[in-house]
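Participant: These are the residues of each chain, in order.
2 protein chains.
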Amino acid sequence: MKSSVLSLIRAGRDTRGTQQLNPPRLLIESFLSLIVVGGCLLKLPFATEIPVTWLEAFFTATSAVTVTGLVVVETGSHYSLFGQLVILTLIQLGGLGLMTFAVLTLLALGFKLGLRGQVVTQVAFNEVTLTTAKRASKSIALFALIAECIGLVVLALFFVPERGWANGLYYALFYAISAFNNSGFALSGDSLSAYVSHAGVSLSVTALFITGGLGYLVVMEMIQKRSFTRLSVYAKIILVTTLTLNLVAMTVFLLLEYNNPATLGALDSITDKLVTAWFQGTTPRTAGFNTVDISTLTAGTSVLFLLLMFVGAAPNSTASGIKISTFVILLAATRGFLKGNLRVNLFRRSISREAVLKALAVTTLGMALVFVGVLSLTILVKDDFLDIAFEVVSAFGTVGLSRGTTEHLGAAGQLIIMAIMLIGRVGPLTVGYILTMRSKSQIRYARTELPVG
Amino acid sequence: MKSSVLSLIRAGRDTRGTQQLNPPRLLIESFLSLIVVGGCLLKLPFATEIPVTWLEAFFTATSAVTVTGLVVVETGSHYSLFGQLVILTLIQLGGLGLMTFAVLTLLALGFKLGLRGQVVTQVAFNEVTLTTAKRASKSIALFALIAECIGLVVLALFFVPERGWANGLYYALFYAISAFNNSGFALSGDSLSAYVSHAGVSLSVTALFITGGLGYLVVMEMIQKRSFTRLSVYAKIILVTTLTLNLVAMTVFLLLEYNNPATLGALDSITDKLVTAWFQGTTPRTAGFNTVDISTLTAGTSVLFLLLMFVGAAPNSTASGIKISTFVILLAATRGFLKGNLRVNLFRRSISREAVLKALAVTTLGMALVFVGVLSLTILVKDDFLDIAFEVVSAFGTVGLSRGTTEHLGAAGQLIIMAIMLIGRVGPLTVGYILTMRSKSQIRYARTELPVG
Ligand SMILES: [K+]
Ligand SMILES: [K+]
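From first to last, the protein sequence lines are chains A and B. Going by the numbering used here, the first sequence opens with residue 4, and the numbers climb by one from there. Going by the numbering used here, the second sequence opens with residue 4, and the numbers climb by one from there.
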């Protein structure tokens, strides 16, 4: 399976003018179509309770399709039930669509799905039979449906007694879909702050978004293999890193916020503090819900969040960011280099040169996008620098947490954040592929030595 | 010259307990010794006009040896002539010492110096004869001496008429050494702000620090080959990137500061604006002098500076940062990957896999250091986030520009900044080598495929 991603790029590239698929372009075009249709639907008179502008409608649609959750108008009060159902549909299509697309792409590249013993290897993208693709898509849809149904039932146990049948079930449905898809959309302006001391809601919502952020492949493997040692290296990396990042983030959050009167300091019981730290420690890796006011976090916690938001969760999931595997490869390659080892090893397996270069490219493009975004917004918006950097990284990781800058973006700023959310969700590489598809240089040059660092 | 850096690492590693050299450890130990001796000398009663604490003396010594230029006490008013000469000596040893060390290391690794037709290839570090090392060291010292003498003469033309012979010559000497070594140390608290409209001083100082930032190898090649096309790929990259970054930085500075009443807006003539933009556009890549108050720059310009300070100038020079070649390799590898090319090409030459991994490692460690530094300082210091981030990146790139946070660091903050300056100057890889020298794992593992991004 050497040069797997390259073969995909070439597949995309060689097909211009033919009837074959061009996956990066297809992905971006489907997202753009969803945004256009969604934006128009949200602008319909009966979609809103309080009228929204075209820009606000399109910002909402972009935020929903990219499962970000940054909002310029409060979802619960501005959009009618119809509008909210449009948003939910966009979230479901955006979250599930990308995961399906990514899994189908991997399948096409010969990644072993290992479902019911079925192993597809080394086939070109257009050789994936419609049957295989349909079967995988159905499995993924089923995965989402089951997870969301469990979420709905559990959340209903908490919401129905509190809000009655109709409203309680609707809340449960909304948050089940929103959480599983890591969308961060909420019905209240303060997200889930009303449930800061509600362990049931807090833990159910985190369970949903962590499951979505692990992605279909990892969850399927867990269900089928039921033993950590038998898992693939990929699944091991995703699980270990997810758990590590969550626990580290929770601990640092506890330490930095323990005495902050606006956050953990306001909670009496140690259980409440622990639940809140867990919620806030897990949410920056692209879920984007909050039970405390993000703008009241200490600067230290906000800096920690910047890293978590940039990293994100698993590839092929409902989450974004540069992804856990990219982050781990960067660390492993660095450690390997320091030890004098040019091979990058993880869990006693060697990582291909291509994956290392991909990690480098994804990170470089991600950093470049964040840099350009922060530079533009600091010129356009007069907010505090930390708040602006937070907003941009939140958009890139399609997280949706905000320290308040979303309200001050202005038209140009909103368009910039919309672009960053879209690129962040489809992945900077996808956009990069399209921009560099013109030429195909494979000339071999002589080696040169170059002092570095 | 395959695995050149690795052979160096191994050379260092295999020698523990023997009499051979361990370059990374040697480098750090010599810097630490210089700092200890320098700190003690600066604490002597006759070294100061206004007494300094031990911490202030050691902060000054660290800043001087690492050619950073961040100061907790004003150099001109606090230190006596003796103290200032100690600082100048530390700057000269720190700036020149690292450049010499780096060039000797390259020489040892078989990098073609191409001096007088002399080509040394593929020799181990300990096989560099004392004669070769002495000859190279002499050439480098001569390079510095000539550049600084020219600087002294030219600067004396401006300073002597203004300040008389004794003081004018001393100013010229101080700034010639300080600028060539990219040290950023100044005799006034506002750096060279008095000369904001003085094209002569501004252009001489930039010429000195740009020359120092190109490094010995590049300048020697330019002198010997006198034709761009005949230069090595390394020299071409350094020259083209230096010019590009300087011109881009100057242009963006002009655009963002043109109407800022505290900076360019205060200058009447277009020439003054251009000279100031050139000065401020070139100084963030580790020179660290300023002719306008850095704390009055717009947020946009400060964000631009963050990137320039992180990148720095050439390896094997008086400058720091991740280095121009690292930055260029990241961009080239990303572009190559997007074009479906796993070979990284620059100027029609292929870059070794090792250099790419080194660039990845340097950048990852640099980002990690900056992240930890920013996180710690935001917890310790209550300054604006932009000012804190600026301070940390400035220390990492041994730049010395500050938006004012240096004064509010406190003891713990000062120790953190001292550590960052030291690691930034010797290079995060050097520190990393020492920390990972325990084990040497070269086990070959089976390949695995890993979805990334
Ligand atoms: K989100
Ligand atoms: K400096």
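Please note that the accuracy of each hint is not assured.
Which copy is meant is left open, because identical chains are indistinguishable; a pair holds if it fits in one copy or across any two.
To be verified - In the SDA-like style, the derived pairs of lysine to any residue whose C-alpha atoms are separated by at most 20 Å in a straight line are:
{"hint": "1", "residue 1": "K385", "residue 2": "T299"}
{"hint": "2", "residue 1": "K137", "residue 2": "L91"}
{"hint": "3", "residue 1": "K385", "residue 2": "V375"}
{"hint": "4", "residue 1": "K385", "residue 2": "S298"}
{"hint": "5", "residue 1": "K228", "residue 2": "S191"}
{"hint": "6", "residue 1": "K239", "residue 2": "K385"}
{"hint": "7", "residue 1": "K141", "residue 2": "A415"}
{"hint": "8", "residue 1": "K385", "residue 2": "G100"}
{"hint": "9", "residue 1": "K239", "residue 2": "L176"}
{"hint": "10", "residue 1": "K385", "residue 2": "L258"}
{"hint": "11", "residue 1": "K385", "residue 2": "P264"}
{"hint": "12", "residue 1": "K46", "residue 2": "Q87"}
{"hint": "13", "residue 1": "K141", "residue 2": "E77"}
{"hint": "14", "residue 1": "K342", "residue 2": "T299"}
{"hint": "15", "residue 1": "K239", "residue 2": "W168"}
{"hint": "16", "residue 1": "K342", "residue 2": "T301"}
{"hint": "17", "residue 1": "K141", "residue 2": "I153"}
{"hint": "18", "residue 1": "K385", "residue 2": "L145"}
{"hint": "19", "residue 1": "K276", "residue 2": "V163"}
{"hint": "20", "residue 1": "K141", "residue 2": "F388"}
Simulated from the structure, these hints should not be mistaken for laboratory data.
Participant: Determine for every hint whether it applies to the structure shown.
Facilitator: Checked hints:
1. With identical chains, the CA atoms of K385 and T299 are at most 20 Å apart both within one copy (19 Å) and between copies (14 Å).
2. Taking identical chains as interchangeable, the C-alpha atoms of K137 and L91 are never at most 20 Å apart, the minima being 24 Å within one chain and 72 Å between chains.
3. In this homomeric assembly, K385 and V375 come within 20 Å of each other (Cα to Cα) only inside a single copy, at 16 Å, whereas the closest approach across copies is 27 Å.
4. Proximity of K385 to S298 under the C-alpha cut-off of 20 Å is found in both arrangements, the shortest distances being 16 Å within a copy and 16 Å between copies.
5. For a Cα distance limit of 20 Å, the shortest separation of K228 from S191 qualifies neither inside one copy, at 40 Å, nor across copies, at 69 Å.
6. For the identical chains of this complex, K239 and K385 are neighbours neither inside a copy (44 Å) nor across copies (40 Å), given an alpha-carbon limit of 20 Å.
7. In the homo-oligomer, the alpha carbons of K141 and A415 never lie at most 20 Å apart, since the shortest distance is 40 Å inside one protomer and 57 Å across protomers.
8. When the C-alpha separation of K385 and G100 is checked against a cutoff of 20 Å, the pair qualifies neither within a copy, at 36 Å, nor between copies, at 44 Å.
9. For a Cα distance limit of 20 Å, the shortest separation of K239 from L176 qualifies neither inside one copy, at 31 Å, nor across copies, at 61 Å.
10. In this homomeric assembly, K385 and L258 come within 20 Å of each other (Cα to Cα) only across copies, at 17 Å, whereas the closest approach inside a single copy is 31 Å.
11. When the C-alpha separation of K385 and P264 is checked against a cutoff of 20 Å, the pair qualifies only between copies, where the shortest distance is 17 Å, while the shortest distance within a copy is 27 Å.
12. Taking identical chains as interchangeable, the C-alpha atoms of K46 and Q87 lie at most 20 Å apart only when both belong to the same chain, with a minimum of 12 Å there against 69 Å between chains.
13. Within a single copy, K141 and E77 get their C-alpha atoms no closer than 34 Å, and across copies no closer than 70 Å, so neither meets the 20 Å cut-off.
14. For the homomeric pair K342 and T299, neither the shortest alpha-carbon distance inside one copy (42 Å) nor that between copies (44 Å) is at most 20 Å.
15. For the homomeric pair K239 and W168, neither the shortest alpha-carbon distance inside one copy (41 Å) nor that between copies (72 Å) is at most 20 Å.
16. Proximity of K342 to T301 under the C-alpha cut-off of 20 Å is found in neither arrangement, the shortest distances being 37 Å within a copy and 43 Å between copies.
17. Taking CA atoms no more than 20 Å apart as the test, K141 paired with I153 passes inside one copy only; the shortest distance there is 18 Å, against 75 Å between copies.
18. For a Cα distance limit of 20 Å, the shortest separation of K385 from L145 qualifies neither inside one copy, at 46 Å, nor across copies, at 50 Å.
19. Proximity of K276 and V163 under a CA criterion of 20 Å is satisfied in neither setting, with 25 Å inside one chain copy and 67 Å between copies.
20. Taking the shortest alpha-carbon separations for K141 and F388, neither the intra-copy value of 45 Å nor the inter-copy value of 48 Å comes in at or below 20 Å.
Going down the numbered hints, you'll see the structure goes against 2, 5, 6, 7, 8, 9, 13, 14, 15, 16, 18, 19 and 20, while the others check out.
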